[in-house]
Amino acid sequence: MSEFLQQLVNGITVGSIYALIALGYTMVYGILMFINFAHGEIYMAGAFIGWYLMTQLGLPFLIATPLTVIAVALLGVVIEKIAYRPLRHASRLGPLITAIGVSIFLQNLAAAIFGTDPRPFPLPSFLERNIYEVGGVILDSLQIWIFFLSILIMIGLDLYVNHTRMGKAMRATKINKQVAPLMGINLDTVISLVFAIGSGIAALGGIMVGLYYNSVSPTMGFMPGLVAFTAAVLGGIGNIRGAMIGGMLIGILENLGAGYISSGFKQGIAFFVLIALLLFRQEGIMGKVEREKV
Amino acid sequence: MKKVLTLLLAGALVMGFAAAASADIKVGCALPMTGGIAFIGEAMMQGIEVALDEVNGAGGINGEKIVLQVEDTKSDPKEANNAVAKLLEVDKIKIIYGPARSGSVLASKPLVAKAGAVLLTSVSTHPDVPGADKGVFRTCPSDAAQGVVGAKLAKDLGLKKMGSLFENSDYGKGLSDVFVAEAKKLGIEVVIEERFASQDQDFRTQLTKIKGKKVDGLYVVATSETPNIYKQAGLLKLGATIIGAEGTKDPKLLERGGEFMEGTYSTSPPFWDESPDPGTQKFLKAFKAKYPNEAPRMFAAQGYDGMIALAEAMKRKGTDPLQIREGLLTLKEFPAATGSITMLPNGDVVKPFAVFQVEGGKYVFKKFMK
Amino acid sequence: MEAYLAHMLIIIGIYAVITMGQNIILGYTGLFGIAQAAFYGIGAYTSAILALKLGLPFWVGLPAGALAAGLFGWLLGLATMRLGGDYFCIATLGFVVIVQQVLLNWEALTRGAFGLPDIPRPSLWGFSFDTRLSYCLLVWVLVAVLGLLMRNVADSRLGRAFMAIRDNETAALGMGINTFLVKVIAVSLGAVYAGVGGVLYAHYTTYIDPSSFSVMETIIVLCMAVLGGMGSISGSILGAAALIFAPELLRLVGVTGSLSIYRQLLYGIILVAAILTRPRGIMGMAEFRFQALFKGGPWIREI
Chain A
1 MSEFLQQLVN
11 GITVGSIYAL
21 IALGYTMVYG
31 ILMFINFAHG
41 EIYMAGAFIG
51 WYLMTQLGLP
61 FLIATPLTVI
71 AVALLGVVIE
81 KIAYRPLRHA
91 SRLGPLITAI
101 GVSIFLQNLA
111 AAIFGTDPRP
121 FPLPSFLERN
131 IYEVGGVILD
141 SLQIWIFFLS
151 ILIMIGLDLY
161 VNHTRMGKAM
171 RATKINKQVA
181 PLMGINLDTV
191 ISLVFAIGSG
201 IAALGGIMVG
211 LYYNSVSPTM
221 GFMPGLVAFT
231 AAVLGGIGNI
241 RGAMIGGMLI
251 GILENLGAGY
261 ISSGFKQGIA
271 FFVLIALLLF
281 RQEGIMGKVE
291 REKV
Chain B
1 MKKVLTLLLA
11 GALVMGFAAA
21 ASADIKVGCA
31 LPMTGGIAFI
41 GEAMMQGIEV
51 ALDEVNGAGG
61 INGEKIVLQV
71 EDTKSDPKEA
81 NNAVAKLLEV
91 DKIKIIYGPA
101 RSGSVLASKP
111 LVAKAGAVLL
121 TSVSTHPDVP
131 GADKGVFRTC
141 PSDAAQGVVG
151 AKLAKDLGLK
161 KMGSLFENSD
171 YGKGLSDVFV
181 AEAKKLGIEV
191 VIEERFASQD
201 QDFRTQLTKI
211 KGKKVDGLYV
221 VATSETPNIY
231 KQAGLLKLGA
241 TIIGAEGTKD
251 PKLLERGGEF
261 MEGTYSTSPP
271 FWDESPDPGT
281 QKFLKAFKAK
291 YPNEAPRMFA
301 AQGYDGMIAL
311 AEAMKRKGTD
321 PLQIREGLLT
331 LKEFPAATGS
341 ITMLPNGDVV
351 KPFAVFQVEG
361 GKYVFKKFMK
Chain C
1 MEAYLAHMLI
11 IIGIYAVITM
21 GQNIILGYTG
31 LFGIAQAAFY
41 GIGAYTSAIL
51 ALKLGLPFWV
61 GLPAGALAAG
71 LFGWLLGLAT
81 MRLGGDYFCI
91 ATLGFVVIVQ
101 QVLLNWEALT
111 RGAFGLPDIP
121 RPSLWGFSFD
131 TRLSYCLLVW
141 VLVAVLGLLM
151 RNVADSRLGR
161 AFMAIRDNET
171 AALGMGINTF
181 LVKVIAVSLG
191 AVYAGVGGVL
201 YAHYTTYIDP
211 SSFSVMETII
221 VLCMAVLGGM
231 GSISGSILGA
241 AALIFAPELL
251 RLVGVTGSLS
261 IYRQLLYGII
271 LVAAILTRPR
281 GIMGMAEFRF
291 QALFKGGPWI
301 REI
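Protein chains in written order, with the numbering used here: chain A, 1 to 294; chain B, 1 to 370; chain C, 1 to 303.
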């Protein structure tokens, strides 16, 4: 029994990380109907910039982290402006390809600057790991931090989108991109803000992961990015709570599946689950069905 | 006067001729400079450069210097195939050093055989890699030997119930399989074999399963994933003695793994700072002179070994690829950085393995094992 | 030098075929399916296993690999076709991951990570396609055949059904087209093409392992299709050529060795720049008119 619970704990931690990344995907997709393939690299950028500020410049965690978040938010906005905005009205695939190009570019830029070796990312003292053992299940304090942080961010984001003017603007843009400007909404501002927020959150996730695994590397964003996107779709793309649920679910299923079926299939499980679920419920867990009218 | 001029002219011609004849020897390096194992390629290049300094500094091979042409294999067998193909056919270089990944060497073997070229690898440990008749040689010992050593060490340490955690690749699976087979022969129960994807960071799932089996020992085949594996094993209170393969012995890993690396064992070709082997010391001295701020990694030492082996073979028999093949086969107890090289007729080498244990944040040599 | 060029042309030819398959699915039918790497892998492994375990010749492996891929395409289509556009995309991507994992873990069949070495080159009545040049010819004959097939499909009722679905699925339904069936056929046909590419690849490199059939690979194929111009046969070839040549050109120009990272950086930039300047791809939806070489007239034919 304790093995099962242990796997559950492992799954929830990993799931929280997927959820954080998934939030960014889901926000961008919800408004722009666009899969930002470079999002995984944004997360990686957050990890690296945070790492750089903390280990190379020696800045304390509480200063470095907000700086990183702002820097990466800006990065997201800049990328959108240069690589995605010009293609907003072109075919659906154009932005996708540029996103892939941006992803390759960022990965190799990080490798060129920092080298391909993973770098250690030591924990700041106030986040020191305390191990708790509860009924044969081992929890460490960092896992608890990560879990609560993602819940907090999700709640915060949910509140923002549902209860502020800007959030309202975002929802309006999501519902109808063409009409929104007529209501006085500045599309460009809304979109930039969406990218900024999504990227900032991913950056936070990147720092947490870097600290949790004590490692940052240029390729760390690729696979988690993919899985996080799956999580976003699973939860119903465009839906913030869905992203959270999807992320958690995939994290848990990955661990239970690998734990009880075969660890060799760990990566495939997420997708398997996804396909299975989508067959039963096309919109994902919390998505809304949109019928196309002729 | 005429006589002097003629002599001068003759002298100039001779000198010109000598200069023209003194061409460089090109060696094609197909190494992973990008991709998952780029850190291996980079370290190897360091060792190769040290070797070149030594060889070329001493006048090269009969006055000719060795020059490198480096191609990136991108850590992928398909790309390695491309890289080797390019070296062989576009650059017309028939002396190939590398690739690193066993799968990449296997993929390129037919090309080398067909071109009558010679390929030397210094880090590919898969049992199927060498093939002297096809021109493929290596200067590092086979996994077939290392797995056996791992099992014998486990037996020596009195471990009775073990598990194996390995990288899901040709290298990881191959080595683990050898270990498991030998362990069972020696009477050790192997109750669980778990795998992970290369460069994974989270092993808690596998480690939780392994803990559930209540093993007293764990055999680990990993490279850059090592610190995380050991740390998570520690956090989860696995309580098993860990024996790692040579990928787990690397100073950079100690940096990242910290206290969780303490007490773990690793088997590796004999290369360490305090080694009494003169070949090792010679390399260490030269390396530290050239790269004063870097810790010499085993891949660098292996990179060096492969290059000096090639150079020696060229010195003994000639610089033609078929001559180099012959030359390599003559190497017996040739001093090198990771233990002396004795080439077997099939292109493989046999070396004793060194066992290390991490004590006080350092790899401490314990003993040799075969 | 010729051998190296032949090598390049072979790789381009193989990818061209796979890209054509991608174009049938995406360019003609408008389905955002990106599982080509999985079908390519299935084709490659089927033929390789038949050759190595049963000693069957390439000429059996080729149709077998193509059919196996087509079969899986059919099954995938059946399973996922009810999903809306972007969900379908992610499902096909998931299929690539699942197939790669199966190839990696089903060791009894595929030898897992060790791969399958020593795959024989094809031979016909005593003549062995050992040289690059001869294999290149083989590949391009198949490219031509498959290209012609694709053109015929485009002009046929099936092809028109594909395009009707792409342009407006609900209207196509209204016209009496069994859209579900047609879409599954599209995926299956696209898969067959990828399967052929896989067989050609396996018997060329004589060594395959699961790492070649990855998400990255399937994305590269997608890029080739988009870059070349979706729905264009010549575009498939051009897109493949462009993306294969680019890193090789850089390699030749001397951006090699530890500068490889810069080379890949450039690759990313090229992708972005290419799409920004020509979003519909090089050929857009047009075709290169081969007749222009013989009979004159315009070089490009708009569809």
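It is worth saying that the hints were derived from the structure and are not from the lab.
Please note that a few of the clues may not be correct.
What the hints assert, rightly or not - Dumping the calculated DSS-like pairs for lysine-lysine here, alpha-carbon to alpha-carbon at most 27 Å:
1) B/92 with B/152
2) C/53 with B/134
3) B/184 with B/366
4) B/152 with B/213
5) B/282 with B/213
6) C/53 with B/317
Values in this document were obtained by computation on a predicted structure and should not be read as measured data.
Under the criterion that the straight-line Cα-Cα distance not exceed 27 Å, is the pair residue 53 of chain C, residue 134 of chain B satisfied? holds, 23 Å
Next pair to validate is residue 152 of chain B with residue 213 of chain B; report whether the Cα-Cα distance is within 27 Å. holds, 22 Å
Decide if the proposed pair is consistent with the structure: residue 53 of chain C and residue 317 of chain B, CA atoms, cutoff 27 Å inclusive. violated, 41 Å
Given the proposed pairing of residue 282 of chain B with residue 213 of chain B, does the C-alpha separation stay at or below 27 Å? violated, 46 Å
Sort out whether residue 366 of chain B lies within 27 Å of residue 184 of chain B, counting only the CA atoms. holds, 24 Å
Given the hint that residue 92 of chain B pairs with residue 152 of chain B, test it: the Cα-Cα distance must not exceed 27 Å. Roughly 46 Å separates the two Cα atoms, so the pair is violated.
Consistency note: the structure conflicts with the earlier hints numbered 1, 5 and 6.
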